[in-house]
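Top line first, the protein sequences correspond to chains P and E. Following this note's numbering, the numbering of the first sequence begins with 113 at its first residue and continues without gaps. Following this note's numbering, the numbering of the second sequence begins with 2 at its first residue and continues without gaps.
One should not assume that every hint holds.
Some chain P residues near chain E, calculated using beta-carbon distances under 8 Å [stated by the list, open to error]:
(1) 334
(2) 340
(3) 342
(4) 344
(5) 347
(6) 360
Facing chain E, from chain P, some residues (calculated, C-beta under 7 Å) [stated by the list, open to error]:
(7) 270
(8) 271
(9) 346
(10) 351
It should be emphasised that the hints constitute simulated quantities derived from the structure, not laboratory data. From the three backbone atoms N, C-alpha and C, an ideal C-beta is built for every residue, glycine too.
These are the residues of each chain, in order.
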Amino acid sequence: MLSGLIVHPIADAASLLQSYRDICANAPDELTVWTVMRQAPPLPFTPEDWHGKEVLIFAACYAGDMKEGERALRQLRSLGRPIADVIGPHPYTGWQQAFDPLLTPGARNYWKSNDFLHLSDQVIESILAAIATLPDPQSEVFIAHLGGAMTRVDPAATPFPQRNRHFIMNVHPRWSDPARDEICIAWARDLFDRTAQQAAGSVYVNFMPSDDDNRIAEVYGPNIEKLRVIKAKYDPENLFRLDYNIAVKSPVDRSK
Amino acid sequence: MIIIGLNFTLLPVSWAATEAFIALSRAAAATRWTDQAG
């Protein structure tokens, strides 16, 4: 696949994000682009004097013909004045593992996520204000773009209900010192709260922290009723009760 | 097994596949996993 990163100074982020939302609106099925905002990690393809400075990174992936991909990515690659552009052919597994060096075990993490049907200027402004106050060099905000084939599935056809083209914002503080738990978690919650009014009312379950279990109805929408029936049929004792539980109204107690 | 902690988290698949997956997961848990607090 044709994939890779395009790194920009955060100073250009507002206009880049406005262009990004337009590019996503017209993207072919084969193309998806995520946007990551964080301090530049010391990766070999970014000039050393940018390491530790705030940047916007487009993470693009075109799953199809290379020449078509070059065409599909042309507009994105022509934006602004990139610090680095390392788009190129990769095996799928290479791209899948591209971010693993930034996510080594042992760190403390907290995630908070909102979906948006439209990436408004107000949301962009809130995100960039948060990037200006990153609580730790490892922390980031990323925006995932979903669209194409997934929008052509009936929302009731599978448990996953959000079938509109949309963006997922994930606020991801990541840090090492337990003494900073409160500060880092508060930073994530603050951005989440500031953008909540613009949010779509759905959420992707894997981007929820453990204290978000009150949002399970947002995850599955009306499909939760069907999931409850399946849950009651196969797991009435509520053995599968960890993480984000589909509640059983009256769990069966077979210990007596 | 990863399915032990699953609560329908990754299911953009058909309802038939969803139900089959949950049924198999639950059956596997019944035979291979002791239900422990937490």
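Against the structure, the hints:
1. 334: violated, 13 Å
2. 340: violated, 10 Å
3. 342: holds, 5 Å
4. 344: violated, 11 Å
5. 347: Holds: closest Cβ of chain E sits about 5 Å from residue 347(P), inside 8 Å.
6. 360: Because about 11 Å separates residue 360(P) from the closest Cβ in chain E, which is outside the 8 Å limit, the hint is violated.
7. 270: holds, 5 Å
8. 271: holds, 4 Å
9. 346: holds, 5 Å
10. 351: Holds, about 6 Å.
Of the numbered hints given earlier, the model fails hints 1, 2, 4 and 6; all others are met.
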